[in-house]
Amino acid sequence: MELEALKKKLDEQKYVYDETLATVLTVALKLGRPLLVEGAAGVGKTEIAKVMAAALDRDLVRLQCYEGLDESKALYEWNYQKQLLSIQVNMANTDSDTLTKSLFGDEYLLERPLLKSIRSEKPVVLLIDEIDKADEEFEAFLLELLSEMQVTIPEVGTIKAKSLPFVVLTSNRARPLSEALRRRCAYLHIPYPDLEKELSILRKKLPHVDDRLCVQVATAVQKLRSSEAILKKPSIAETLDWAAALDALGVRELTPDALRQTAGFILKNNEDFAVLEQEEEETKTCACGCGGHHHD
Amino acid sequence: MTDPGVYLMKLSAFSRMLHLEGLKVSPGETADAARILAELGFESREQVKTALSTIYAKSREEQAIFSRVFDGFFLSEEAMRKQAKALAQQDIETERAKEEIRESVEVHDLNEAQMDTYANMPRETREKLQKILDKYGHSERNPELYTNFIHSVFAKTLLEQQMRMEDASLGGEALDPDTGLMYRDIAKFKDTDIPKAISIIQTLTRQLNGELTAKRKRHGHSGKLDFRRTIRKGLETGGSLYRLKFRKKRNRRRQLVVLCDVSGSMIQFSEFALRFIQALNQASESSRVFLFSENMFEADAFSLENMDLFRNYVKDCGVYGKGTDLGTALERLCSMVPAALNPATTLIILSDTKTVEQHRAAQALLSAKRMAGRVLWLNPLPMGHWPLVSSVQTFQSICPMVSCNTLHSLAEACRKLTFS
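Protein chains in written order, with numbering that gives the first Met the number 0: chain Z, 0 to 295; chain D, 0 to 419.
No wet-lab data here; the hints were simulated from the structure.
Treat the hints with caution; some may be incorrect.
Have a look at the derived ranges for each label pair, beta carbon to beta carbon [as the list claims (entries may be wrong)]:
#, chain 1, residue 1, chain 2, residue 2, range
1, D, G238, Z, T97, 22 to 32 Å
2, D, S198, Z, Y65, 23 to 33 Å
3, D, A83, Z, A4, 34 to 44 Å
4, D, A85, Z, L194, 30 to 40 Å
For each residue, glycine too, the CB sits at the ideal point set by N, CA and C.
The following block holds chain Z by itself, in its conformation from the complex (with noise of 0.2 Å):
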């Protein structure tokens, strides 16, 4: 797909992208690559899979990842209750061979989101959501899935993608990846949205706010996100939900009582809440007498 043509898809699914997103998709979907996706928790790296579904009119099919998901939970698990039980029916047969080869059909095999993305006639979105919570084994086990696009069931033998599906990998770098692992992605590293960026988001998400509110919030939390002292940074579905939030509430005016009302949508820390509230004192106690008013 041409990058101005991924754009209108973007566009038509009211994604707010910058060029260097458009670029790296577009690069990442003409060579085929898995796209492996790192930022702080909320920049909207999974977002980025749901986008690309809707907008190539794929089915996402997502594996979240965590510590202990092997195989079975990940790609395939044979149904042993069904097997068991085309045993004990099949007891009579005398043909163990052909009672041992069905016993491994399609039948019988539970198809998990790795082999059903490969396995899809029509080719789908594969998310591997947090693949920095799965263990190193499974992130070797990936490693022929991503390169080759096939995954090999020691029953069965190789199985080779029908269709070759987007896949998205997202990371906290909760640890470090493996070099083999990102050798075979394509990569990108999303920060969090500046002003401007913040702003076009609120406003295609929440066009019913006020655009004044929506002004004062996003500059609100730039200034939450660049403050040292704030440990957990507002995600940016933090930022729309505390819009919403003052919304549902008929705030017209980011004041500092709505701030302080609302604060538990954006700040999610007992100690970011102690720096809030000191930094209220210090603009209460400012020199121009304002009465903690917000300043520009």
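Assemble the complex: chain Z is given as a structure, and chain D must be docked to it using the hints.
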């Protein structure tokens, strides 16, 4: 650039440059890059940069290196003009400086490299050197002594120049504000950098702990079959022992003894290094921390729990801002009853090696090495400065020493420490 051969050659050279800068570039990636460039074209420089970065750079750190190499390799027309102008200006400056030195010193006294060094010196340094030459030069009494003196001055300046260049290259990655701090000298951190540095340390230790967990899981069982759990699991599959369960291996963790220099110049580094070591909760079974300057005392674990109060704690203990006596500290450590050091302990020394009574300290270090299972020295001095400090060479010959002047190298040292 219409001829594909030309841009393929350029791309190949660019790949080699990236490889030289430490990026792992495979021919497959160069082929991908060629393919994508053929499709995207060269109209937009930024687009080409992003596309190539997606293919070649696989982490934020690599992106920073890529950006630097790309900007140096594929110059925009404006940048080329600027560079040519700057080079021409520099040539004129160099010639002028060489002319200056020719007037002051007999030409045969200086070789071409020394002339170049002089020409590249900052103006203030050149003026300083000129003053020395005016004062001591043209000495008729002992021409040989005069020549040796001039040569020694140039050798020293050349070394300083090299050191400055090394320090400057350390800041190369500082283009990226987030990763930049990782590569800056800890001693040069400003107060405003410290909260950011602490948050980087927290991220790095989380990563290290994550890696350790993964490593332990990888070597999860000791090879002995656990019959009870295997049979119980087998009940799910109608009594067939489909999945075997193994006994977990008992993890034997190392005991760490940290000897930490908290004299004035070392406090910043010690605080950061201790944050690393304390946060690596899986690295050791138990750890004891001893703080020293002129005296030594053991820091209690409770006080180290909250590292934000570390400086106040050190100041309250009365060891802050004093001189360094490593020999006494090590002797006291070795003579402790019950023994602090034994073959199961790893002794980590956090110090810049500057101490009084260097010989006594070396002897004490030898004794400590005999008592402890392993000794590792984390030195905050940049490695380029080591040849100039005699104490570094003395202690380096006794125990392994790692340069930890940046957060990146400190994290690497801790990784080596925990994974070995």
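Structure-based check of each hint:
Between D/G238 and Z/T97, the C-beta spacing of about 24 Å keeps the proposed range 22 to 32 Å intact. For D/S198 paired with Z/Y65, a C-beta distance near 25 Å keeps the hint of 23 to 33 Å intact. Evaluation of the 34 to 44 Å hint for D/A83 and Z/A4 yields a pass: the beta carbon distance comes to about 41 Å. Remark: the range hint 30 to 40 Å for D/A85 to Z/L194 is upheld by a beta-carbon distance near 35 Å.
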